[in-house]
Every structure is written in C-alpha cells, then in structure tokens.
Amino acid sequence: GQSLEQPSEVTAVEGAIVQINCTYQTSGFYGLSWYQQHDGGAPTFLSYNALDGLEETGRFSSFLSRSDSYGYLLLQELQMKDSASYFCAVRDRGKAAGNKLTFGGGTRVLVKP
Amino acid sequence: DVKVTQSSRYLVKRTGEKVFLECVQDMDHENMFWYRQDPGLGLRLIYFSYDVKMKEKGDIPEGYSVSREKKERFSLILESASTNQTSMYLCASSLSTGNSPLHFGNGTRLTVT
Numbered sequence: 001g002q003s004l005e006q007p008s009e010v011t012a013v014e015g016a017i018v019q020i021n022c023t024y025q026t027s028g029f030y031g032l033s034w035y036q037q038h039d040g041g042a043p044t045f046l047s048y049n050a051l052d053g054l055e056e057t058g059r060f061s062s063f064l065s066r067s068d069s070y071g072y073l074l075l076q077e078l079q080m081k082d083s084a085s086y087f088c089a090v091r092d093r094g095k096a097a098g099n100k101l102t103f104g105g106g107t108r109v110l111v112k113p
Numbered sequence: 001d002v003k004v005t006q007s008s009r010y011l012v013k014r015t016g017e018k019v020f021l022e023c024v025q026d027m028d029h030e031n032m033f034w035y036r037q038d039p040g041l042g043l044r045l046i047y048f049s050y051d052v053k054m055k056e057k058g059d060i061p062e063g064y065s066v067s068r069e070k071k072e073r074f075s076l077i078l079e080s081a082s083t084n085q086t087s088m089y090l091c092a093s094s095l096s097t098g099n100s101p102l103h104f105g106n107g108t109r110l111t112v113t
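Keeping their order, the protein sequence lines are chains A and B. Each residue of the first sequence is one higher than the one before, counting from 1 in this note's numbering. Each residue of the second sequence is one higher than the one before, counting from 1 in this note's numbering.
Worth flagging that the hints you see were computed from the coordinates, not collected in a lab. This one's a predicted model, so the numbers in the text were calculated from it and none came from an experiment. Any given hint might turn out to be false.
[Said to hold, decoys possible] Stretch by stretch, here's where chain A covers chain B in the computed footprint (C-beta under 8 Å, at least three residues):
1) 9-21
2) 61-75
3) 78-88
[Said to hold, decoys possible] Using C-beta positions, here's what the derived DEER-type ranges look like:
4) Lys53(B) - Thr11(A): 44 to 54 Å
5) Asp38(B) - Asn21(A): 36 to 46 Å
6) Thr97(B) - Gly41(A): 34 to 44 Å
7) Arg44(B) - Met80(A): 27 to 37 Å
8) Arg44(B) - Ala16(A): 23 to 33 Å
9) Glu17(B) - Gly58(A): 40 to 50 Å
10) Asp68(A) - Thr97(B): 25 to 35 Å
11) Ile60(B) - Ala50(A): 22 to 32 Å
12) Glu5(A) - Thr111(B): 28 to 38 Å
13) Val12(B) - Ala16(A): 37 to 47 Å
14) Arg109(B) - Ala50(A): 27 to 37 Å
15) Glu56(A) - Asp28(B): 41 to 51 Å
16) Gly28(A) - Thr111(B): 16 to 26 Å
17) Thr57(A) - Thr97(B): 38 to 48 Å
Glycine is no exception: its CB is placed at the ideal position from the N, C-alpha and C atoms.
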C-alpha cells in the first residue's frame, strides 16, 4: 500500500518562504503531485514530479528525491491568498492508466499579514 | 475549462437510507473517481472507473457501490447510510494518459443522522 506523511499546519507571514515536506512509502512509485485546496473549495492541481529535481512554476516550486522517498513544495513570496491546505499525492499504476492517486493528510498553511 | 459537477452541495440523510451522489464531467474524460475527505486523513479513494461500466475498488470501498452507465456520469451509492459515512465526498475526473491531473468537483457534504 501507500502512505504519505506531511506536517499538519504551517504559519508564516506575507512575503516569507514556506517549505512543505512530504515523505512517502509506496509499493510502486510513478510520480509525486501537489494539490491546493482553499476552504470550501475543490482541490486544484499545482505540480507533478516524475523525476528527481526541482520544477518551478512561478512562485511555487516542487522538488523530488526518489532515492530518499521525499519531496517538498516551496511557496515563495507568500501572499494572503496562499492560505489554503496543500496535499501531496503519489501516483499508482493501476488500470486507470496510472492516474489513481493516494493523498497525504494535508498541510494547512496560514499566512498572516 | 474542465467542469466536474456534483449534484448536491449539502445532503442530510437518516441512518439506513439509500443515498445517491451524482457526478457529471463535461470533458470526455476516461477516468472518474470518488474520494471522501475527513480532517487529518486527507482524501481517501473509495472507487474509481477507467471506462464505462468498469469499476475498481479503492482503499475504503466498504459500504459503498458505484455505477457508470455513461462516460460523463459516475454515481456513488450508499446502500444503507450509517453515521460513520458523514463526510465530504469529492468526485474527480482525468484523462487516461499517465500524468494527467485530477479535476475535482466542489464536493457534497453528507450528514447522516
């Protein structure tokens, strides 16, 4: 089976940098994804890493180390609108062409002025 | 933009009732998923479908069944609702290609009394 660990909550001020770590244990690994969910809203896709290294998309970056079973999401130049929950998820190769995802418990990020 | 629509935002049912949660997507996606979301537990996969009339159990299928008679529609059925099925239910869809992201609906908050 799959299991993922991430911190439950992080608090930071506007303009700061936050790193959300995710460690995983999987029977088979095909990629690490990150999703953002605002209160009352639907989770939305942020990033996907299949290979080791850093992927940058604007203020957000995601990193993966397959040898360490570890990844992180880096939020830079924090803004109030970044207050949300962030979930890491691992892709499992099932019959659904590998799109079956197992999610971590989520990290609630609170941005203060 | 992909749209995943869940028929009800809030639902209150009594213990023992049969409950239907409906989900429709408008982007001709092959894959559809039902997750439940509980605080601290993240999103847990109940069932998924990779084609019409096809279904696969997720991590927590007990007490649930699903139906996919048409490509755009995926229904979650609680045969006899119980209080421990009080939760937020999220439907998602994706293309079948390997790293295609999941697109989520806004969720149905089900309360079983």
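Could you work out which of the previously given hints the structure breaks and list their numbers from low to high? Those not satisfied are hints 1, 2, 3, 5, 6, 15, 16 and 17.
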